[in-house]
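Protein sequences, first through last, are from chains A and B.
Residues in the first sequence are numbered from 185 upward in steps of one, following our numbering.
Residues in the second sequence are numbered from 7 upward in steps of one, following our numbering.
FYI, nobody ran anything at the bench for these hints, they're computed from the structure.
All of these numbers come straight from a predicted model, not from anything done at the bench.
Just a few of them, taken from the derived set where beta-carbon distance is under 10 Å, the chain A residues facing chain B: (1) M314; (2) F369; (3) D447.
Label pairs and their computed distance ranges (CB to CB): (4) A/T230 - B/A38: 46 to 52 Å; (5) A/R503 - B/E191: 30 to 36 Å; (6) B/L85 - A/V460: 50 to 56 Å; (7) A/F509 - B/E210: 49 to 55 Å; (8) B/E44 - A/N231: 43 to 49 Å; (9) B/G60 - A/K383: 23 to 29 Å; (10) B/A138 - A/R503: 46 to 52 Å; (11) A/N231 - B/D142: 44 to 50 Å; (12) A/D259 - B/A214: 42 to 48 Å; (13) A/E459 - B/E210: 36 to 42 Å; (14) B/G60 - A/M454: 31 to 37 Å.
For lysine-lysine, the following DSSO-like pairs were computed, each having C-alpha atoms within a straight-line distance of at most 30 Å: (15) A/K220 - A/K384; (16) B/K76 - A/K262; (17) B/K145 - B/K209; (18) B/K82 - B/K209; (19) B/K21 - A/K258; (20) A/K268 - B/K23; (21) A/K351 - A/K390; (22) B/K135 - A/K224; (23) A/K220 - A/K383; (24) B/K82 - B/K145; (25) A/K262 - B/K21; (26) A/K434 - B/K56; (27) A/K383 - A/K262; (28) A/K344 - A/K294; (29) B/K56 - B/K21; (30) A/K344 - A/K262; (31) B/K23 - A/K262; (32) A/K344 - A/K384; (33) A/K258 - B/K82; (34) A/K383 - A/K434; (35) B/K76 - A/K258; (36) A/K384 - A/K351; (37) B/K76 - B/K23; (38) A/K258 - B/K23.
From the three backbone atoms N, C-alpha and C, an ideal C-beta is built for every residue, glycine too.
Next come the chains, spelled out residue by residue.
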Amino acid sequence: MLTIRDNLLETIRGGKPDRFVNQYEYLDIILEAPLKTSPKRGETITNEWGITFSWPQDQIGHFPVHDEEHRLLKDITKWREIVKAPSVQYPDERWAAAVNHAAAVDRRDKYVTVFFAPGIFEMCHHLMGMEDAMMSFYEEPECLHELIDYLVDYEIRYAKEIIPRLKPNALFHHDDWGGQIASFFSPEMFAEFFVAPYKKLYGFWKDNGIELIVHHSDSYAANLVPHMIDIGIDIWQGVMTTNNTPELIKQYGDRIAFMGDIDSGAVDTMDWKAEVIAEHVEKACTRCGSRAFIPCLTQGLGISSFPGVYDETSRAIERMSGRMFPRP
Amino acid sequence: MSNIAAVRQLVETGKTKLIAAATAEALKEGAAATEILEAMIDAMGVVGEKFSTGAIFVPEMLIAAKAMSKGVEVLKPHLAGKSATSLGTCVIGTVKGDLHDIGKNLVAMMLESAGFTVVDLGVDVPAEKFIAAIGDDVKLVACSGLLTTTMPAMRDTVAAIKSSAASHIKVLVGGAPVTSEFAREIGADGSAPDAGSAVVRAKELLKAA
Chain A
185 MLTIRDNLLE TIRGGKPDRF VNQYEYLDII LEAPLKTSPK RGETITNEWG ITFSWPQDQI
245 GHFPVHDEEH RLLKDITKWR EIVKAPSVQY PDERWAAAVN HAAAVDRRDK YVTVFFAPGI
305 FEMCHHLMGM EDAMMSFYEE PECLHELIDY LVDYEIRYAK EIIPRLKPNA LFHHDDWGGQ
365 IASFFSPEMF AEFFVAPYKK LYGFWKDNGI ELIVHHSDSY AANLVPHMID IGIDIWQGVM
425 TTNNTPELIK QYGDRIAFMG DIDSGAVDTM DWKAEVIAEH VEKACTRCGS RAFIPCLTQG
485 LGISSFPGVY DETSRAIERM SGRMFPRP
Chain B
7 MSNIAAVRQL VETGKTKLIA AATAEALKEG AAATEILEAM IDAMGVVGEK FSTGAIFVPE
67 MLIAAKAMSK GVEVLKPHLA GKSATSLGTC VIGTVKGDLH DIGKNLVAMM LESAGFTVVD
127 LGVDVPAEKF IAAIGDDVKL VACSGLLTTT MPAMRDTVAA IKSSAASHIK VLVGGAPVTS
187 EFAREIGADG SAPDAGSAVV RAKELLKAA
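Work out the full structure, taking the sequences as your base and the hints as a guide.
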């Protein structure tokens with residue numbers, strides 16, 4: 185039986201895995217690393233950037249608050265005066281839990297993984313709201329380029345702090361680039377604003393010990409896959425069924441792997457049922473196969489919104505491994 | 007290119023910094039404000055259609071709507087009392103328990119660009135609030151929802167409207183998990199998969215009323 189790590193490599197390199205890679209099993213994500221403050225359920229907070237986030241009791245996640253009172257950046261031409269990146273210098277005690285966690289990982293089996301969110305586009309719309317962020321592509325492209333460069337610089341400074349401490353082998357990086365049926369922007373616009381910054385970012389991480397870039401976008405983004413390959417993404421996590429994952433694997437599976445195809449929205453519900461999860465897992469595994477594919481909920485961490493769904497999904501994948509990888 | 011054609015082109019291509027001057031120029035040259043407005047509405051129809059077919063994306067649609075809005079600002083003083091292009095009032099909101107507003111905002115913007123007067127109730131809107139907002143001039147209610155978990159709230163909202171005194175008002179539903187089958191099942195009059203189609207469907211519903 186292959187190790188988790190070797191089984192992953194066989195899967196994404198077109199080799200011979202002996203079972204499905206089961207969701208996030210190959211990533212040991214070091215969530216203890218200091219990065220940003222997020223609200224807990226029921227809280228509203230203003231984070232280190234000055235962005236207000238709220239997590240109402242009855243919701244499954246938190247949102248940036250963008251009413252007139254709370255939207256941080258109301259005029260992108262003034263971004264230099266308004267947007268102040270927080271310090272990336274944290275005292276040793278803030279790093280201690282992360283360092284201990286990383287040290288305890290068996291690197292022969294799993295990847296010590298840095299978590300970074302929000303990504304560049306997400307940060308732009310967290311700062312100014314989705315509509316303004318999208319209109320600035322057209323109205324103030326130079327300012328947007330400058331702001332993006334500033335965000336890239338911040339992430340690289342953060343990388344310089346975390347890399348020597350954790351010596352990570354993988355990066356799990358969020359940036360949602362679409363809704364459920366379409367990307368937010370055209371491939372041409374993505375090329376103009378994001379390809380060079382992401383090449384710089386992911387290039388930096390890879391030049392400094394990161395072997396695997398796993399990018400999360402739980403959306404449609406099939407039209408952006410050539411750019412994903414270009415900027416150095418190894419695994420696109422969050423690929424929704426609307427992307428036609430089998431076709432993506434056929435077309436690009438020799439250059440990028442796909443992780444997802446089990447839509448969280450369809451199975452991760454308050455009244456979830458094991459048989460519904462099993463049905464979705466079976467469909468994903470049979471239509472996608474094991475080459476360049478990791479069956480996974482589209483959720484952007486190894487968790488579920490409702491207790492039990494993630495583990496039940498893992499069990500269903502394990503059963504599909506038993507069926508589709510018969511042992512001699 | 008005629009002045010009106012130029013305005014239409016500027017809306018379609020989202021030239022927010024040029025539209026005001028072009029609109030003023032068209033008025034100066036003698037074009038009627040209502041005629042210019044019709045051209046803008048037509049342009050937004052083209053934008054909506056291109057969005058529905060995937061030829062353009064959200065930023066292009068947003069910027070076109072902003073261009074139109076800037077052009078309409080110039081037209082406003084010349085449109086006073088002329089309501090020939092108004093299609094009626096539409097009440098719109100994201101259903102209770104759902105805080106997603108982007109899709110709802112896009113639909114609101116496109117409906118407005120098409121000539122509707124839009125009353126935007128925001129997000130997390132309970133059924134009672136939708137009903138309370140339905141005044142005499144309201145022709146349409148549009149309910150949005152992104153989460154599968156809030157589909158029951160959408161069902162409840164449609165049921166509440168249809169069993170209220172406003173049961174004759176057309177109800178349009180939309181959002182990623184909403185299918186035409188689901189819309190029919192919950193008693194909505196129509197559904198739309200995107201903001202461009204929402205306008206087309208809204209007009210169809212009013213025509214059929």
